[in-house]
Amino acid sequence: MGMLWCCFPCPSSYEDLTPDPETRRRQVVEAAEKRRIEEERRGIGNLEAVRVQQQLDEERARRRAEDLNIDPQTGMKWQVN
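Residues 1 to 81 in our numbering are what the sequence shown lists, from first letter to last.
The set of hints was computed from the structure by calculation and includes no laboratory data.
By construction, the Cβ of each residue, glycine as well, lies at the ideal position given by its N, Cα and C atoms.
Just so you know, not all the hints are guaranteed correct.
Said to hold, decoys possible - Computed spacing ranges between beta-carbons, pair by pair:
id: 1; residue 1: D20; residue 2: V52; range: 47 to 53 Å
id: 2; residue 1: R42; residue 2: D67; range: 52 to 58 Å
id: 3; residue 1: R62; residue 2: R41; range: 30 to 36 Å
id: 4; residue 1: R63; residue 2: R41; range: 30 to 36 Å
id: 5; residue 1: P21; residue 2: R62; range: 54 to 60 Å
id: 6; residue 1: R60; residue 2: E30; range: 28 to 34 Å
id: 7; residue 1: V80; residue 2: E38; range: 50 to 56 Å
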């Protein structure tokens with residue numbers, strides 16, 4: 001029976017592996033912040049390409065709106081000055 005005790009140390013002989021509540025809170029906050037940052041990065045790889053695409057979409061929408069001002073019978077645009 002004496003040989004069994006050498007493999008299992010007494011609980012008082014090693015440190016408690018559970019961190020104190022303040023350390024645990026700090027770790028949880030750091031992990032949450034890290035997840036938030038990773039989530040932001042995950043969606044868009046190249047922000048500049050997204051901006052260029054948005055500008056192109058706006059230009060296409062503007063041209064489409066101008067094309068709607070053409071009179072279908074005459075093929076001429078209406079302009080008001």
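These are the hints, each one checked on the structure:
1. For D20 paired with V52, a C-beta distance near 51 Å keeps the hint of 47 to 53 Å intact.
2. Between R42 and D67 the beta carbon distance is about 38 Å. The supplied range of 52 to 58 Å is therefore violated.
3. A C-beta distance of roughly 32 Å is found between R62 and R41, which places it inside the suggested range of 30 to 36 Å.
4. At about 34 Å, the beta-carbon gap between R63 and R41 stays in the expected band of 30 to 36 Å.
5. In this structure, P21 and R62 meet the distance hint of 54 to 60 Å, their C-beta atoms being roughly 58 Å apart.
6. The beta-carbon spacing between R60 and E30, approximately 44 Å, falls outside the hinted interval of 28 to 34 Å.
7. For V80 and E38, the hinted distance range of 50 to 56 Å is satisfied, since their beta carbons lie about 53 Å from each other.
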